[in-house]
Amino acid sequence: MTKKLKFWFRRHLPVVHFASDAAAWAVALVVSAFLRLEFSFHHVGPRSMIIVIEVAIAAQGLIGLFGGLYRRRWRYGSFDEVLGLTATDAVVGLLTTLVLLLPALEVPRSVAMLATPLALLFGLGIRAAWRLRRARMTRPSASSAEAMLILGAGDGAEQVLRMLLHSAENPYIPVALLDDDPNKQHLRVHGVRVVGTLADTDAAARRFGATTLLLAIPTANSDLIRRVDEIATAAKLRLLVLPPVFGMLGTPVLDDLRPVSDADLLGRNPSDIDTDAVANYINGKRVLVTGAGGSIGSELCRQLARLNPAKLVMLDRDENGLHRVQLSMHGHALLDSPDLALADLRDHQRIRDLFELHRPQVVFHAAALKHLPLLEAAPSEAWKTNVVGTHNVLEAAQAVGVERLVNISTDKAADPASVLGYAKRVTERLTSFAGKQSDGTFVSVRFGNVLASNGSVLTSFRSQAAAGGPLTVTHRDVTRYFMTVEEAVRLTIYAAAIGRSGEVLILDMGSPVRIADLAERLAVQHNPRLEVVYTGLRPGEKLHEDLIAANEADNRPVHPLITHVEVPALSFAVASSLAAPADTVTAEIMRVVAAHDASANATAEPSSV
2 MTKKLKFWFR RHLPVVHFAS DAAAWAVALV VSAFLRLEFS FHHVGPRSMI
52 IVIEVAIAAQ GLIGLFGGLY RRRWRYGSFD EVLGLTATDA VVGLLTTLVL
102 LLPALEVPRS VAMLATPLAL LFGLGIRAAW RLRRARMTRP SASSAEAMLI
152 LGAGDGAEQV LRMLLHSAEN PYIPVALLDD DPNKQHLRVH GVRVVGTLAD
202 TDAAARRFGA TTLLLAIPTA NSDLIRRVDE IATAAKLRLL VLPPVFGMLG
252 TPVLDDLRPV SDADLLGRNP SDIDTDAVAN YINGKRVLVT GAGGSIGSEL
302 CRQLARLNPA KLVMLDRDEN GLHRVQLSMH GHALLDSPDL ALADLRDHQR
352 IRDLFELHRP QVVFHAAALK HLPLLEAAPS EAWKTNVVGT HNVLEAAQAV
402 GVERLVNIST DKAADPASVL GYAKRVTERL TSFAGKQSDG TFVSVRFGNV
452 LASNGSVLTS FRSQAAAGGP LTVTHRDVTR YFMTVEEAVR LTIYAAAIGR
502 SGEVLILDMG SPVRIADLAE RLAVQHNPRL EVVYTGLRPG EKLHEDLIAA
552 NEADNRPVHP LITHVEVPAL SFAVASSLAA PADTVTAEIM RVVAAHDASA
602 NATAEPSSV
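Note that the numbering used here has the sequence shown beginning at 2, numbered continuously upward.
In case anyone wonders, no lab produced these hints; they're calculated from the structure. All C-beta atoms, glycine included, are put in the ideal place defined by N, C-alpha and C. Don't take every hint at face value.
Now the in silico label distances, taken between C-beta atoms and shown as ranges [claimed, not checked]: (1) H324 / R194: 52 to 58 Å; (2) F209 / Q526: 58 to 64 Å; (3) L328 / T212: 46 to 52 Å; (4) E159 / L336: 49 to 55 Å; (5) R163 / M114: 37 to 43 Å; (6) T212 / L375: 40 to 46 Å; (7) L84 / N184: 25 to 31 Å; (8) D478 / D224: 17 to 23 Å; (9) D224 / P471: 24 to 30 Å; (10) F209 / S338: 38 to 44 Å; (11) Q438 / L328: 37 to 43 Å; (12) P540 / G285: 19 to 25 Å; (13) F209 / E159: 15 to 21 Å; (14) F209 / M114: 15 to 21 Å.
Let's have the full structure, built from the sequences with the hints guiding it.
This is how it looks when you write it as structure tokens:
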């Protein structure tokens, strides 16, 4: 069929429908008369027969038009159209029978009654034939498309099959279904048969020559995804999944089929957070983000920009980071925007000058040194950037009357055991003090590792794998919390809206993940298999991190994913007095934080020193 003919057909579809139904009535009436008169037309007047056919066709057109059969945009041959055609043919048959009551017509009255089911049968047959032809034309080519197994024979699979089988451009052709439900064995969905269970994946792949496995269960949890991933890897199949949001939206498109992500394997499904509902504190306000060039800071900038701030100032000491974030947000990186601020948090005067210049109303403080082993070796650097830098930001924010400030913390601040942890615990307490001394709201937000951030374990594993291994893990039993950067930032923006001054808001990160499992999973995906080497815990590292300290209560008064904890304040004066030589900084931080937390637990009213 040429393109012009296809275009004409689509444009005149109601006319085509009516023409096929008119032909069905004409043939049905002639055949009915032939059968009624025992294969003879001697007792039928040709003029009368033509009049009856014209009446039936006219009635079909009028009733079909006003009844909606030729006006609604039904799929050709759909169930709804079948019901409409049945009702229309029944009325046309009744009217034609009444017309045959006229004595002048030389056609038996029973002809119309016999013709009605025949006309319906012919009309349905035409539609069925067209649908079969169209299905063959739109079905992906078995010679060029990639053979795909589909795990799951439920609603998700049905909708995916409908999408895949009705577009010749699709790169996949479904060849078989797998489902663990015994009641679905040998079931056919859109002509594709269930041939076994998940355990039969390898055999089904070899039998049908499949190269891809689609997990068509939008509600699949991380345990199932990991199990399917292992089976697919063993069967040399590429695994695709449907995102969880597909289960809510319902209508799939080809782009919904995507490879398994780290978030899928770790169980980090998108949280149900509507930042737009709490974004009034951003809309129309001047916003400043420190550490804007980092993983968390840059994502903060991208999400905040969608909430319509009057101004978004991006501050970082890394010019390359500012280059990257501007490029990702604006499509260019000319670095000529007045909203880009190159500055070091340690420079007290520079920070004060920038705050005076831009006079931000909302501040997200994401800048920090975060690599634990380096900070163990150079504790004074942790102190200067993480503590003194935060102190400078807090004082500058107070000076210009910032309405809301959010300090980004880490799970290492809960019962800290490292320089990084103690430094971030001090920043939580300094932020609490600033909140108690200011009219604005000053809070901290605490969470664990961010997937695919700069220097994260998964990023390191991939770099090691690309180099041929080995993959290095500190301990067989070490666990960590993980969250996608998008979810962490979304929760942070939400938490900032509901937090009260002096609080740390702790994000629910689900269950901790065993790092060795991540390494083993990545190792088996490579050929030859990569070696996993255990190097031992480094100084300051914990076997298992905590999000909530032993002396903190898990109180979630507003949102089920956000814990509110009151933090004992640490005054600026006390923090400033701790400028000790490099070799004693760690001990000083540990002594001050531990002593103060102990005194806070021992008394009903926390001290501010």
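Hint check results:
no., hint, in the structure
1, H324 / R194: 52 to 58 Å, "54 Å, holds"
2, F209 / Q526: 58 to 64 Å, "23 Å, violated"
3, L328 / T212: 46 to 52 Å, "36 Å, violated"
4, E159 / L336: 49 to 55 Å, "51 Å, holds"
5, R163 / M114: 37 to 43 Å, "38 Å, holds"
6, T212 / L375: 40 to 46 Å, "44 Å, holds"
7, L84 / N184: 25 to 31 Å, "29 Å, holds"
8, D478 / D224: 17 to 23 Å, "19 Å, holds"
9, D224 / P471: 24 to 30 Å, "27 Å, holds"
10, F209 / S338: 38 to 44 Å, "55 Å, violated"
11, Q438 / L328: 37 to 43 Å, "39 Å, holds"
12, P540 / G285: 19 to 25 Å, "48 Å, violated"
13, F209 / E159: 15 to 21 Å, "20 Å, holds"
14, F209 / M114: 15 to 21 Å, "50 Å, violated"
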